[in-house]
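> Place chain R on chain E using the hints.
Listed below, chain by chain, are the residues.
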Amino acid sequence: MTPRLFLTAVSLQARKLMSYRVAFWATAIIAFAAELVVAVFLWRAIFEASGEESIGGFTYGGMLLYYVCALLTAKLVYGRERDLSVSEDIYQGHLTRYLIYPVSYGVFKYAEHLGSMVPSLVQVLLFAGAAGFILPLPSDLGITPATVAMALVSILVAGLFVFALRFTVQLVSFWADNVWSLNVMLRFSMEFLGGLMLPLSLFPEVVRQVLAATPFPYIFYVPVTTLLGRVSVAEWLRGLVVTSAWIVVVVLVARWVWARGNRVYSGVGI
Amino acid sequence: MLRYLRLYLYFLRFSLSKAMEFRLDFFFRIVMDVVFYIVHLAFFTVIYRHTDLLGGWTLDQIYLFVAGTMLTDALHMTLFANNLWWLPVYINRGDLDYYLVRPVSPLFLLSLREFAANSFVNLLIAAGAVVWAVWRYPEPLGAARVVLFLVLLGFGVMVYYLLRMLFIIPVFWLHSGRGLDEIAWSLNRLSEQPHQIYHPWLRVVMLTILPIALLVSVPSHALFGGDALLRLVHVVTVTACLFGFVVWFWRVGLRAYASASS
Chain E
9 MTPRLFLTAV SLQARKLMSY RVAFWATAII AFAAELVVAV FLWRAIFEAS
59 GEESIGGFTY GGMLLYYVCA LLTAKLVYGR ERDLSVSEDI YQGHLTRYLI
109 YPVSYGVFKY AEHLGSMVPS LVQVLLFAGA AGFILPLPSD LGITPATVAM
159 ALVSILVAGL FVFALRFTVQ LVSFWADNVW SLNVMLRFSM EFLGGLMLPL
209 SLFPEVVRQV LAATPFPYIF YVPVTTLLGR VSVAEWLRGL VVTSAWIVVV
259 VLVARWVWAR GNRVYSGVGI
Chain R
1248 MLRYLRLYLY FLRFSLSKAM EFRLDFFFRI VMDVVFYIVH LAFFTVIYRH
1298 TDLLGGWTLD QIYLFVAGTM LTDALHMTLF ANNLWWLPVY INRGDLDYYL
1348 VRPVSPLFLL SLREFAANSF VNLLIAAGAV VWAVWRYPEP LGAARVVLFL
1398 VLLGFGVMVY YLLRMLFIIP VFWLHSGRGL DEIAWSLNRL SEQPHQIYHP
1448 WLRVVMLTIL PIALLVSVPS HALFGGDALL RLVHVVTVTA CLFGFVVWFW
1498 RVGLRAYASA SS
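Those sequence lines, one after another, are chains E and R.
Remember, my numbering sits 8 above the position in the first sequence when you count from 1.
Remember, my numbering sits 1247 above the position in the second sequence when you count from 1.
With the rest of the complex left out, here is chain E (with noise of 0.2 Å):
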């Protein structure tokens, strides 16, 4: 696929996304809302009735900070979740289509994946905004330059892995009636031991020592400790290099089940 291809598919995908305006900034505007509206009162709960002044090395700003960090890293790393199709074009048939372009299947997706973000990105940097107007943030952030740059370097990284995991799930569609519930179980998990619900520093040290062999940390809480500069330059491309090595792993993965799932495709009646 050639770059130029590549860069018109991450466009039209962007496009497509901003047709439907209304909806797409009142979903954002509320889903944001809402999820900063919990993690307020449940966080101011937890510190007034623990009494203490730190939580998992989170003060009760820095809590809020690493939440509104967080959900705004997985608008990024998600980008639209819906709009990946990969059953959809399965079960229609319009994966036909695709089989006779002269480009890959899986690179014409990740390129609509990055489409998808785009829009995402104008929302985070407004929300960031909006929310550092809003709540009652910590005076030293430890946000600088650097630590933007590499947490933005993490998040690509990230959004890469969990769409070649999406992909993969989604390939499962050439065999099952329906892959939403296998979506949604990824979903859940990715958010609990990613650090989205909540940073893996409140978990027991044998589990965090568990996720640390795993790909989860580096979905979310690694990014978005980085950006908070919580994580040496080390520590942060010893990340890399581990989810990097976990995308081989997926995208190998993917192939395989991609070459038997062609095998079974019959795009009837296309």
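In short, the hints are calculated from the structure, not lab data.
One or more hints might be untrue.
Said to hold, decoys possible - FRET-style restraints, in silico, Cβ to Cβ:
1) R:Y1337 / E:G137: 50 to 56 Å
2) R:V1348 / E:Y99: 26 to 32 Å
3) E:T104 / R:P1447: 56 to 62 Å
4) R:L1347 / E:P11: 51 to 57 Å
5) E:L134 / R:P1447: 28 to 34 Å
6) R:G1375 / E:V115: 42 to 48 Å
7) E:L143 / R:A1391: 39 to 45 Å
Claimed, not checked - According to the in silico footprint, chain E covers these stretches of chain R (three or more CB under 8 Å from chain E):
8) 1271-1278
9) 1286-1296
10) 1300-1312
To be verified - Some chain R residues judged to face chain E by a derived CB distance under 8 Å, without partners named:
11) V1282
12) F1283
13) V1381
14) R1383
15) E1386
16) H1422
17) G1426
18) I1430
19) S1433
20) L1434
21) L1437
22) Q1440
23) W1448
Don't be surprised by glycine CBs; every beta carbon is placed ideally from N, CA and C.
Frame of chain E; chain R shown alone:
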């Protein structure tokens, strides 16, 4: 009434045979809900490593709340979720004609036609979680309180269904469910915590105008004390008002419906 009951038994039979045709999906959905339950329990277990109370509730009380959430979710998934998933599509495509010409209430038909057999298995698991949470509770709760809890959870399922309908009916005018569904899910996030943690004015909203606290939080609260009769009256009144409003809203929506042939 008896006719509707007989009709529902037919729905059950058809849904069960349909579920057996898609066995892999049947299995996936069971596992998905089990993962949801585990994550929900683990979330609060981790939080209680750092505090003894949340909204005035102990870990034992929160486990009852979580078990209640599981039961409400499983009942909703079993009875309504599949039907409500397709409703915006039917409205948008003009497929409602098929249901409107039947000699039964279209709302009944569209809301209950598909019984999710796979979620029924999860309903058994969720019921087990409630039994476990009641059994491990350090003090005797009393049979009357447990019955009240279950009755109020039943109303909670009804409120959940009615709230989801509130976000589906506007499809008659908007011609797309895009966005509305996500907004409903987002607002539902607030019901996954005890309502006592929220600001008093937000609590009032959650108890009346947008009664998401009635799903699980209020039933759980009734289990631990307070005026049981007052809570029952409150829940029944709000549910009845919401039911009346949704039925009226549905009829108004139907007037705006343009069928496939029109």
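> So which of the earlier hints does this model not fit?
1, 13, 14, 15, 16, 23
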